[in-house]
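In order, the protein sequence lines correspond to chains R and D.
Quick note: my numbering has the first sequence finishing at residue 871, numbered continuously throughout.
Quick note: my numbering has the second sequence finishing at residue 438, numbered continuously throughout.
These are calculated hints, taken from the structure and not from any lab test.
Please read these numbers as outputs of a predicted model, since none were measured by experiment.
For each residue, glycine too, the CB sits at the ideal point set by N, CA and C.
Among the clues, some could well be false.
[Unchecked claim] Cβ pair distances, simulated, as ranges:
1. R:Thr580 with D:Pro134: 37 to 43 Å
2. D:Arg275 with R:Asp686: 27 to 33 Å
3. D:Arg131 with R:Gln767: 37 to 43 Å
4. R:Gly795 with D:Glu299: 40 to 46 Å
5. R:Thr842 with D:Ala127: 55 to 61 Å
6. R:Tyr859 with D:Ala127: 47 to 53 Å
7. D:Glu299 with R:Val869: 28 to 34 Å
8. D:Pro134 with R:Leu712: 41 to 47 Å
9. D:Arg131 with R:Thr842: 54 to 60 Å
10. D:Pro409 with R:Thr580: 49 to 55 Å
11. D:Arg131 with R:Ala737: 27 to 33 Å
Now for the letters of each chain:
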Amino acid sequence: MYEQMCKIRSFEEAANELYTSARMPGLAHLYIGEEAIAVGVCEALRRDDYITSTHRGHGHCLAKGAALDRMFAELLGKAPGYCRGKGGSMHIADQDTGNLGANAIVGGSAGIATGAALSIKMRGTDQVAVCFFGDGALGQGLLYEAMNMAQLWQLPVIYVCENNQYNEYTHNRETTAGSMLGRAQAFGLEAAEVDGQDVRAVFHTMQRLVARARRGEGPAFLLCHTYRFRGHHVGDIDRSFYRSAEEEAWWQTHRDPLKLLADWLMAEGGVEPPIFDRIQQTVRSEVEAAVQFALNAPYPDPSEVDRHVYA
Amino acid sequence: MSTPDVQYSISVRNPQGREITFAQAIREALAEEMRRDPRVFIIGEDVAEAGTVFKVLTGLVDEFGPERVIDSPISEAGITGMGVGAAITGMRPVVDIMFGDFITLTMDQMVNQAAKTHYMSGGKLKVPMVLRTTLGATRRSAAQHSQSLHAWFSHIPGLKVAIPATPYDAKGLMKTAIRDDNPVAIFEDKMLYQSKGPVPAEEYTLPFGVADIKRTGTDITLVATSSMVLVALEAAEKLAELGISAEVVDPRTTVPLDRETLIQSAKKTSRAIVIDEGYHSYGVTAELASVIADGAFYYLDAPVKRLGAMDVPVPFSPVLEDLTVPTAEQVVEMAKALCGRH
Numbered sequence: 561m562y563e564q565m566c567k568i569r570s571f572e573e574a575a576n577e578l579y580t581s582a583r584m585p586g587l588a589h590l591y592i593g594e595e596a597i598a599v600g601v602c603e604a605l606r607r608d609d610y611i612t613s614t615h616r617g618h619g620h621c622l623a624k625g626a627a628l629d630r631m632f633a634e635l636l637g638k639a640p641g642y643c644r645g646k647g648g649s650m651h652i653a654d655q656d657t658g659n660l661g662a663n664a665i666v667g668g669s670a671g672i673a674t675g676a677a678l679s680i681k682m683r684g685t686d687q688v689a690v691c692f693f694g695d696g697a698l699g700q701g702l703l704y705e706a707m708n709m710a711q712l713w714q715l716p717v718i719y720v721c722e723n724n725q726y727n728e729y730t731h732n733r734e735t736t737a738g739s740m741l742g743r744a745q746a747f748g749l750e751a752a753e754v755d756g757q758d759v760r761a762v763f764h765t766m767q768r769l770v771a772r773a774r775r776g777e778g779p780a781f782l783l784c785h786t787y788r789f790r791g792h793h794v795g796d797i798d799r800s801f802y803r804s805a806e807e808e809a810w811w812q813t814h815r816d817p818l819k820l821l822a823d824w825l826m827a828e829g830g831v832e833p834p835i836f837d838r839i840q841q842t843v844r845s846e847v848e849a850a851v852q853f854a855l856n857a858p859y860p861d862p863s864e865v866d867r868h869v870y871a
Numbered sequence: 097m098s099t100p101d102v103q104y105s106i107s108v109r110n111p112q113g114r115e116i117t118f119a120q121a122i123r124e125a126l127a128e129e130m131r132r133d134p135r136v137f138i139i140g141e142d143v144a145e146a147g148t149v150f151k152v153l154t155g156l157v158d159e160f161g162p163e164r165v166i167d168s169p170i171s172e173a174g175i176t177g178m179g180v181g182a183a184i185t186g187m188r189p190v191v192d193i194m195f196g197d198f199i200t201l202t203m204d205q206m207v208n209q210a211a212k213t214h215y216m217s218g219g220k221l222k223v224p225m226v227l228r229t230t231l232g233a234t235r236r237s238a239a240q241h242s243q244s245l246h247a248w249f250s251h252i253p254g255l256k257v258a259i260p261a262t263p264y265d266a267k268g269l270m271k272t273a274i275r276d277d278n279p280v281a282i283f284e285d286k287m288l289y290q291s292k293g294p295v296p297a298e299e300y301t302l303p304f305g306v307a308d309i310k311r312t313g314t315d316i317t318l319v320a321t322s323s324m325v326l327v328a329l330e331a332a333e334k335l336a337e338l339g340i341s342a343e344v345v346d347p348r349t350t351v352p353l354d355r356e357t358l359i360q361s362a363k364k365t366s367r368a369i370v371i372d373e374g375y376h377s378y379g380v381t382a383e384l385a386s387v388i389a390d391g392a393f394y395y396l397d398a399p400v401k402r403l404g405a406m407d408v409p410v411p412f413s414p415v416l417e418d419l420t421v422p423t424a425e426q427v428v429e430m431a432k433a434l435c436g437r438h
């Protein structure tokens with residue numbers, strides 16, 4: 561799990577570098593600081609379980625098993641990318657690992673994940689579907705339509721809310737009334753709340769929710785409290801108008817999910833510090849090689865432009 | 097509730113078959129496809145025991161059970177999104193949206209999700225779902241239950257749109273829609289549900305993107321969609337009495353659109369009127385007229401004319417409502433003027 565989180569962190573840093581050096585087109589929304597949620601959730605899933613993701617979705621995609629090189633290729637709009645360069649950062653889908661797609665509409669995948677769960681139930685398999693979304697999606701009505709039906713029909717879907725506190729540039733105390741957990745509880749969903757910086761807590765809670773969903777005991781809602789270390793997107797550099805540098809520094813110093821796990825492993829598991837350095841080095845060289853692959857990869861042929869409009 | 101005062105017997109070039117209603121044709125199509133393919137299911141408001149507000153699905157739940165004919169909450173966006181999710185994971189959902197006006201609530205799921213998933217995934221994910229809904233005014237249902245919004249979906253790459261006019265077309269197009277690997281919206285005119293027409297008892301499907309010439313003629317082409325096909329046929333009868341021979345062409349699907357048949361008919365007759373029940377401005381008629389003007393310009397003796405619904409919210413009062421929808425009389429007057437007959 562440490563290695564997976566490290567991989568996401570390193571991927572995102574490289575994406576930031578590609579973007580700021582003007583080699584990456586479009587938009588990028590970095591997941592740095594929230595790695596424990598993607599990894600904790602996806603470690604509790606099988607390869608054939610489904611996830612739907614968000615505009616901040618690189619971490620979910622990697623945690624579900626996607627390859628670094630094809631992801632970077634997609635970010636750069638290159639032909640070997642997961643979506644042949646037609647999806648980009650906000651739309652990576654990878655059927656082989658059960659990733660039904662990132663979604664650039666906030667809350668837009670609540671119906672899709674729930675429909676996948678309906679499909680699971682109708683086909684009679686024991687898969688589960690996970691819907692990742694941020695606290696901003698709590699303002700979208702679709703989510704509540706979907707949770708209502710999921711509970712009515714006892715569908716194997718788990719709604720994972722990554723509460724990173726900010727709806728783009730606005731703190732959720734200005735956007736979100738009442739109790740976040742209470743919203744799911746009102747529909748009768750099994751609802752749990754965890755420290756989203758603690759990968760072990762996310763994983764153990766998720767294991768329980770996945771097991772009950774597989775047993776046909778219905779949907780669940782997992783609220784993970786976390787923090788977005790960087791801006792809403794990579795271009796969101798000056799953040800002083802909505803949050804303080806002190807606040808950011810405090811989270812980065814005291815609540816970094818990688819550091820928290822490393823500290824625990826050293827204290828409780830007797831893991832020696834050099835191991836973490838070795839993992840970081842290995843991951844970094846993998847990421848560098850993947851970036852090189854993507855930079856050298858060809859752009860799609862122009863004939864691709866009107867392919868795949870229709871199946 | 098009155099049934100439309102139009103008979104299919106007037107020159108509709110359908111094959112022989114039993115006479116059944118438009119609603120029966122839709123029901124048969126769904127039942128046959130559900131028997132053929134266990135992945136097909138229906139989800140929507142009041143679709144099971146109620147058989148929908150228009151009774152189109154009556155009896156399906158008895159045969160297929162509530163697991164495949166699913167009564168949903170009143171959550172149009174939710175069930176449309178669930179249709180997308182079920183479709184990309186191996187099912188073939190038919191999402192029932194009671195009134196065409198309510199597709200406004202499905203727009204993100206249809207426009208941003210269903211339509212784009214195949215393309216954005218580089219061709220990996222497919223969305224074989226059907227959204228069936230209604231169009232059409234003259235039922236005195238006022239502005240939020242009377243609109244014809246099929247142009248909205250026709251505008252979006254990735255969606256296919258079928259608008260049948262006869263029971264024969266309705267059944268054949270519905271079966272094709274269910275078997276298609278793309279998201280398809282099928283708009284059924286609620287005033288047509290009780291109208292009858294010949295439908296073969298044998299299995300058949302109708303291809304998308306193939307217009308049907310409902311009546312042949314030599315002097316003017318009337319391109320018409322959905323219930324406006326019946327308006328055009330009625331007008332053609334009246335024009336025949338005046339010695340004007342009108343050809344009636346029904347595109348049957350707006351996406352894909354059979355441009356060639358429209359152009360060939362206009363080249364033959366050298367005049368064209370396009371009739372559709374969507375709002376006049378920026379509507380389906382504009383696209384169809386443009387196709388003809390572009391493809392048959394040097395053959396035309398007059399500009400292509402358009403008839404759509406008036407650009408007003410559909411009024412409740414019967415007297416006012418009737419003014420908003422194209423009529424056979426308007427088509428006749430327009431055709432006479434185009435043909436130089438006053």
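Verification of the hints:
no.: 1; hint: R:Thr580 with D:Pro134: 37 to 43 Å; verdict: 52 Å, violated
no.: 2; hint: D:Arg275 with R:Asp686: 27 to 33 Å; verdict: 29 Å, holds
no.: 3; hint: D:Arg131 with R:Gln767: 37 to 43 Å; verdict: 41 Å, holds
no.: 4; hint: R:Gly795 with D:Glu299: 40 to 46 Å; verdict: 57 Å, violated
no.: 5; hint: R:Thr842 with D:Ala127: 55 to 61 Å; verdict: 59 Å, holds
no.: 6; hint: R:Tyr859 with D:Ala127: 47 to 53 Å; verdict: 49 Å, holds
no.: 7; hint: D:Glu299 with R:Val869: 28 to 34 Å; verdict: 30 Å, holds
no.: 8; hint: D:Pro134 with R:Leu712: 41 to 47 Å; verdict: 23 Å, violated
no.: 9; hint: D:Arg131 with R:Thr842: 54 to 60 Å; verdict: 56 Å, holds
no.: 10; hint: D:Pro409 with R:Thr580: 49 to 55 Å; verdict: 50 Å, holds
no.: 11; hint: D:Arg131 with R:Ala737: 27 to 33 Å; verdict: 49 Å, violated
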